[in-house]
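> Respectively, the protein sequence lines represent chains A and B.
According to this note's numbering, the first sequence is numbered sequentially starting from 1.
According to this note's numbering, the second sequence is numbered sequentially starting from 1001.
Since the hints were made in silico from the structure, they are not lab data.
Heads up, some of the hints might be wrong.
[Unchecked claim] Taking lysine-lysine pairs in the DSS-like style, the calculated list, with each CA pair at most 30 Å apart, reads: (1) B/Lys1014 - B/Lys1124; (2) A/Lys87 - A/Lys110; (3) B/Lys1193 - B/Lys1289; (4) B/Lys1105 - A/Lys308; (5) A/Lys193 - A/Lys308; (6) A/Lys287 - B/Lys1105; (7) B/Lys1193 - A/Lys87; (8) B/Lys1193 - A/Lys287; (9) A/Lys287 - B/Lys1110; (10) A/Lys308 - A/Lys14; (11) A/Lys105 - B/Lys1110; (12) A/Lys105 - B/Lys1115; (13) A/Lys124 - A/Lys308; (14) B/Lys1115 - B/Lys1289; (15) B/Lys1287 - A/Lys110; (16) B/Lys1110 - B/Lys1124; (17) A/Lys308 - A/Lys115; (18) A/Lys294 - B/Lys1115; (19) B/Lys1294 - A/Lys14; (20) B/Lys1105 - A/Lys87; (21) A/Lys66 - A/Lys137; (22) B/Lys1289 - A/Lys308; (23) B/Lys1105 - B/Lys1193; (24) A/Lys110 - A/Lys66; (25) B/Lys1087 - A/Lys294; (26) A/Lys124 - A/Lys14; (27) A/Lys105 - A/Lys137; (28) A/Lys110 - A/Lys14; (29) B/Lys1193 - B/Lys1124; (30) B/Lys1308 - B/Lys1294.
Chain residues, written in single-letter form:
Protein chains: 2
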Amino acid sequence: MYRLQLLDTHQRIKPYIHRTPVMTSRQINEISGAEIYFKCENFQRMGAFKMRGGINAVLALTDEQKSRGVVTHSSGNFAQAVALSAKEVGIDAYIIMPSNSPAVKVAAVKDYGGKVTLCPPTLKDRMAFANRVVEEKGATLLHPFNQIEVVMGQGTAAIELLEEQPDLNILMAPVGGGGLIAGTALAGHYFGKNCITIGGEPFEVDDAWRALQSGKIETNETINTIADGLRTTLGTVTFPLIREYVDSIIRVEEQEIVEAMRLTYERMKIIIEPSCAVPLAAVLRAKEKFAGQKVGIILSGGNVDLGKLPF
Amino acid sequence: MYRLQLLDTHQRIKPYIHRTPVMTSRQINEISGAEIYFKCENFQRMGAFKMRGGINAVLALTDEQKSRGVVTHSSGNFAQAVALSAKEVGIDAYIIMPSNSPAVKVAAVKDYGGKVTLCPPTLKDRMAFANRVVEEKGATLLHPFNQIEVVMGQGTAAIELLEEQPDLNILMAPVGGGGLIAGTALAGHYFGKNCITIGGEPFEVDDAWRALQSGKIETNETINTIADGLRTTLGTVTFPLIREYVDSIIRVEEQEIVEAMRLTYERMKIIIEPSCAVPLAAVLRAKEKFAGQKVGIILSGGNVDLGKLPF
C-alpha cells in the first residue's frame, strides 16, 4: 500500500521541489570508516526537507478545501514550508507563530506570502489560535509531522537517494516528531535492497528511543538540546510506523552533535542546522556498527542562525 | 596556442581533481536580476581551486625534477594544494610557512604529508628559506600564481563551467595574484561564445584595477581587506594575460563583500571564504551591468575560520 502511495507522492510533488544533490566526502569517509552518501535537503527549497511534506499535504486537498486555505502553527521550517507550498498552489496560508519567534523567521514566512498571526508562546495558545482560524475561515489544519501525507512527502528524499545509490545498507535520519524518519524507513523498506533505517536522536530528548523500549509514546521532561528541530515527541501516526519499520535509534551527546556539525562545515563546506548533524554524530559514536557499510544520511536542513553558531 | 594547452591541462589533471558541481539560487537570481551559475570550487579537494594549478604544476615536472621534490612558501591554500598534489604523485613537498600561520593551516599541510618549515613572517624570509631548499635539495620552486602551468590549471574550472553552460555571457572570478582570473579569461576566450570575463577586487587592494589603468603592475600600500586571498599583487606572467583577455575589473567595498558572503551562506547554504564572495558583491554593486545576463561565477574556495565569521 505504502509503496504505491510513495511513488504517487513523488510524482505529484516533483514539479514543486528541487532534486537535491547527493554529496560525499573522502575525508569524512576516512574518519568514519563508512561510505556515506549525504542527501542534501539543506539545499531544498526554503532550506529543509519539510517542503516535501508541506507541498504534498497541500496538493492532497480537494479544490473546495484549497479554496478555504490552510493553517498551521510553527515557529520553524514547517511554517515556511506551508507558506511557500500555499503560494505555489495559489491558496491562503494562515501561519500561527509564537510571539517569541525570531524576527528573521517571521519575515521569511511573510516573504513566502504567509498570513502571520503572532500568539502567546505556549502550545495551548498555538492550538487555540489555529483552531480559531479553522472555525472562522474553514481552513484545513496541517500538522508538521503527524499526518500521513506529510510522512509520505518526507519519504521522497530517501526515494531519490536510493535511485542514485540503490545498494545502500543503511538509511539514517534525525528523529523529532518522526515524520522524516518514518517516511525514510518506508522508502528504505520498499525501495532498498535489505536496507535498514536507523534514527539519530539527542540523549537530551530521547523520547523516541524510550518509546521503542516501552512500546508507547513517551514525553521529554526537558528540551535542553541544541538540535532545536528535534524537541518534539512522536505522534500517533508516526510512532506505529517507526515501531514497525525503523531498526533502531542511536542517541548522541550534545558535544557530539556540535562536533559532527563542525566536521560537516569544515570538510564538506556546507551549512547544516544542528538537528541535521545528529545522524553523522551517531555514525561517529558507533563506528564499529557502520564500518564498511554504505550509509545514506538525509541532511535535513540548513536554516541556522549564523550569528549563533556553536563554534 | 593556449587553447590546446588548456585542453591538455584539463585532461592531465582530471584524475586528481573533483568535477565540482554548478549551483544556482532562485533567490539570488531574483535579488540580482541576473541568471547566475556558481562553479563550486569550495567543494574542490583541499577546499579551493588552487588544487587545479598545484597539481598541474607538479605533473608538468620531469621525472628528474620530481625525484628532487617541490617547494613553495605560502600560509594559505596554495601550501595545501602543493602538499596534496605532491602526495598524489608520490614526491616530496617542502612548504615554507610564516611562523604566524594559524595552527590549523599548518596542521592541514602536515596532514597532506607536506614537510613544513616555519620561517619569520616576512616575504624576504619566506623567499630566503625557500631558496635554501632549492639549493640544498634541488627541489623545484612552485609559484602560487605567477607560473603558466598554474594559470592553465586554474582555467580548467571555467572550462568545466562552460561545458555545462556554453552560452554564458560573462565569466567572473576574484582577482588577487591573478592566476584564477587569467586562466578564467583564457577559458572564456577560447571556449565561450562571445563571453567576456570580469574580475572582482576589493577597493582596499585594487592594484589590478589600477594596473589596467596605468598599463603597469601596481602595488598596494595597505592590505586592509577581509578578502585575505586577494592581498597579493599581479605578477609578470598574469598581468599581460589579464590586460589582454580580461574585459574589466569591478571594485567593491568591504561591507559589500560581507553582505555577499552572508547572502551565499543564507540562501545557498554553502561555506565560502571572504575572497570568494567578491564577484557576487560586484554583481550586486553593478546590477544594471548584469541585468538579464547569464553569468558564471567561479566560487574560489571555502577555507574559512568558522570561529571568525564576520557575522
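> Please write out, lowest number first, the hints stated earlier that are contradicted by the structure.
1, 5, 7, 8, 10, 11, 12, 14, 18, 20, 22, 23, 26, 29, 30
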